[in-house]
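Peer 1: The residues making up each chain are set out below.
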Amino acid sequence: KAGVTQTPRYLIKTRGQQVTLSCSPISGHRSVSWYQQTPGQGLQFLFEYFSETQRNKGNFPGRFSGRQFSNSRSEMNVSTLELGDSALYLCASRYRGARGEKLFFGSGTQLSVL
Amino acid sequence: AQRVTQPEKLLSVFKGAPVELKCNYSYSGSPELFWYVQYSRQRLQLLLRHISRESIKGFTADLNKGETSFHLKKPFAQEEDSAMYYCALSGGTGNQFYFGTGTSLTVIP
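Protein sequence lines, in the order shown, are assigned to chains A and B.
According to our numbering, the first sequence holds residues 1 to 114 in order.
According to our numbering, the second sequence holds residues 1 to 109 in order.
Each hint should be verified, as a subset may be incorrect.
[To be verified] Residues from chain B that keep clear of chain A, each with C-beta distances beyond 10 Å, as calculated: (1) S40; (2) Q45; (3) S82.
[To be verified] Listed below are the simulated DSSO-like cross-link pairs for lysine-lysine, each with C-alpha atoms no more than 27 Å apart in a straight line: (4) B/K9 x A/K102; (5) B/K9 x B/K22; (6) B/K65 x A/K102; (7) B/K73 x A/K102.
Hints are computed from structural coordinates only; laboratory data are not their basis.
It should be emphasised that the depicted structure is a prediction, and the values quoted were computed from it without experimental measurement.
Cβ atoms here follow ideal geometry from the backbone N, Cα and C, with glycine treated the same way.
Extracted from the complex, chain A is given alone in its bound form (with noise of 0.2 Å):
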């Protein structure tokens, strides 16, 4: 099987311009998760989508947001771009197995805003 599957690879945006990030989650996972790493925050959770409804959310402004399609794929929207947005934003699917859950993270897409 393919794995999760994040474009673009690389973002650069202007303060106060708006991007959206796709992630392709591998086939049969109907749970994507999206979180922001940077090298101080470490992983913080953005949302959580599963058959197209947030499951769960965490603590970011509401220019932030999310959506899941009916194939699973997702996209994360953010909205009036600011400098502390420049990230490493990872999305990961999420499957539960017999030996327990598993998170399968993509690549990511790195944001640079300037």
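Here the structure of chain A is known, so what remains is to put chain B in place on it, guided by the hints.
Peer 2: Quick look at chain B alone, frame taken from chain A:
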């Protein structure tokens, strides 16, 4: 409040020395605990989870409910163990994952 704490941002050990990466958590319930690892230029990936009592690449972690800890240990560190390690917990299906801030491990040859 749910929280995962990794007190060490950086940890350096010599090759062949024992290594222990600390993780403490707070959670109102029975969480599942995990260690994820990110090697240089690779994706973040699962290293081990307490529920399956695994030993992966010589690493083990024991869940201590009394001390609410899930420390990662390896008796003899190898250079290829150099990576960023994240401790995480989940409240189970339907509940979100919580990650610590990570510990960067460097094994000195």
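Peer 1: If a hint holds in the structure, say so; if it doesn't, say that too.
Peer 2: Here's how the hints hold up against the structure:
1. S40: holds, 13 Å
2. Q45: violated, 7 Å
3. S82: The assertion about B/S82 holds, with a minimum of 16 Å to chain A.
4. B/K9 x A/K102: Status holds; Cα separation ~24 Å.
5. B/K9 x B/K22: Between B/K9 and B/K22 the Cα gap is close to 10 Å, so the pair holds against 27 Å.
6. B/K65 x A/K102: Holds, at about 21 Å.
7. B/K73 x A/K102: holds, 21 Å
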